[in-house]
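Colleague: These are the residues of each chain, in order.
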Amino acid sequence: MTPRDQAKRELESLTPVAGNGLLHRRAFLRGGAMLAGAMSAYRLVPSASAQKLADDPWSLAPGAAVPDYGVRSRFEKNVVRTLSNPKAEPRTQHARTPHHLLNGTFTPNSLHFVISHAGDPDIDPEKHRLVIHGLVKQPLVFTLDTLARYPMVSRMAFVECGGNSAPMFSNEPIQASIQALHGLVSCSEWTGVPLSTLLDEAGIDPKGKWIVAEGGDAPHLSRSVPLTKALDDAMIALYQNGERVMPGNGYPMRLLLPGWEGNMNIKWVRRIQVTDQPGMTFYEARTYAPILPNGKAYRFYFIQEVKSFITHPSPGLALSGPGFYEISGIAYSGNGRISKVMVSADGGRSWAQAALQAPVHSKAFTRFRLPWRWDGGPALLQSRAWDEAGNMQPSRSELVAARGQTTKVPAVTAFTSQHYNAIQSWSIERGGEVRNVYA
Amino acid sequence: MSTRKSPALLIVVPLVLLASALFAQAPKLGKPISAADLSDWDINILPDGTGLPPGGGTPVDGARVYAAKCAVCHGPEGKGGANARLVGGEPIKNFESEKTIANFWPYSTTLFDYIRRAMPYRQPRSLTNEEVYALTAYILSLNKLIGEHDTMNAQTLPKVRMPNRDGFIVRFPDKTP
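One line per chain: the protein sequences are A and B, in this order.
Here the numbering used here is used: the first residue of the first sequence is 1, the next is one more, and so on.
Here the numbering used here is used: the first residue of the second sequence is 1, the next is one more, and so on.
Worth flagging that the hints you see were computed from the coordinates, not collected in a lab.
A hint or two may mislead.
Claimed, not checked - Partial list, computed: chain A residues near chain B (C-beta under 10 Å):
{"no.": "1", "residue": "151"}
{"no.": "2", "residue": "273"}
{"no.": "3", "residue": "293"}
{"no.": "4", "residue": "296"}
{"no.": "5", "residue": "300"}
{"no.": "6", "residue": "418"}
From the three backbone atoms N, C-alpha and C, an ideal C-beta is built for every residue, glycine too.
Using the sequences and the accompanying hints, generate a full structural model.
Modeller: What follows is the structure, given as structure tokens:
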């Protein structure tokens, strides 16, 4: 018996822990590398059949010069963000993260999602200034050079647009890739100066209750943030995954509010005013105020609540025939750490606990994984996450009962409402294709 | 007992030293800035009117500026074009209703603040305060929220009560740790 056959036998002898072939989260660990060798691959392009091995040209001559700034392999050119407004017409631009083509917990800087309400400004870091004023003892101005001398902190944090997953408010499931459905969330390691250090230096007046933060972009985009958050874990971020923040993500500095609505994490931040009341700026008074079924609207829906979705497999990433797969996905919560993710392959009738990739960071992507034996028949995959504050991801019917759904199928790019965090269901079709369904 | 006290003291002392060393690390490099040097950036308008500049404008003045600088994107008389309409709007029923100034915006001050910081889209910050007051007055009057001859200024604008003022459920801080 070949090692591969032996591994298959061992896997087949494992008792599933939940319906439709879900295996114990440590099954692969128990079987070691041999079991991993029995894994089937997800399919983007048809894979070539096995043939006799020979040395290829790249093994027979030295390679190219090493570049001063690395670029990925030319074979990875299809791993790109999708753009909503590539000609930069006068309206908002969206660039969405291809979750099905990435793995792990960080989003590469070039693939971090971006929403720019009037393009990405070309800011000269020497001329950029950050002002702190308003209800403070002494208004202060900082340069990038001076901020770079402050004690810094690094932390993992996801940033999610309040409108991420908006296509899921559609009354009928929209068939689109996970990138189109959930691509407005990304996760990075951010490094910068705690905002509390700078606010303390300016000296907060006891009447101060809010800050109004503003960017140096054309719309001078502004949002109000409660002072409690500003003094808790808010940061003026200068670095993103080790290098300076990307232009689309706020170069040379952005406000980072871990776990809170993306739009509030003011990019290109140039001014912070301490106030006794919220500013009721355009984006909080109008845009990020989701309307409820009774016609009222939520104001100040700040937290991005506990959420998860399976990225492997997902629409755009099909199964290439029956066999063993690793189901994996990402989970995150604006309320802290992910404490548990359960996975179902039979539409929620039975559940198995997924393994969480350590370390599990607060308010950051947590990768979950679970081995699965697909028998080639129909399956309905779901994931459900819990956070350490005890919040549980709602089902779609629970969310829709409270928040509503459309009466007509909207465009996949439409933002009918915001703050959608319900369970995502993927239907596995006989050929291995994956469809977005409501279950 | 005494033998247990001295090691405890030995631990306390370095901790205190460490704490004061950390405190001393905050370099305090912010430079004081005067109100005069800040004035071009100091543009937030709060809902109670805090921040509104001197001056004022009427719908008639606003109509002229609007035709020249806004109509190309928002249509004649705010009726909508490539970008959002600025007039009208059915009462909000659910999230398929279109949000407009008249049916959704809770505060009139937001209109002044937003036009001044972000419009016209290709030349933000190019309008004078008088022009922003006039445009605000024009848009409010098109929506019949003020009279055709009402002047908008720092006193009158915050008093304009928007129809959907009470149409909101405040979520913060109930769901906030």
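Colleague: None of the hints should be skipped; say for each whether it holds.
Modeller: Comparing the hints with the structure gives:
For residue 151(A), the suggested interface contact is upheld, since its CB lies about 5 Å from the closest CB of chain B, less than 10 Å. Interface restraint check for residue 273(A): the shortest CB-CB distance to chain B comes to about 6 Å, inside 10 Å, so the restraint holds. About 6 Å separates the beta-carbon of residue 293(A) from the nearest beta-carbon of chain B, less than 10 Å, and the hint is met. With a cut of 10 Å, the hint placing residue 296(A) at the interface with chain B holds, because the nearest CB-to-CB distance is about 5 Å.
At a threshold of 10 Å, the smallest CB-CB gap from residue 300(A) to chain B is about 4 Å, leaving the interface hint in force. A hinted interface residue such as residue 418(A) counts as satisfied when its beta carbon comes closer than 10 Å to some beta carbon of chain B; here the least separation is about 9 Å, so the hint holds.
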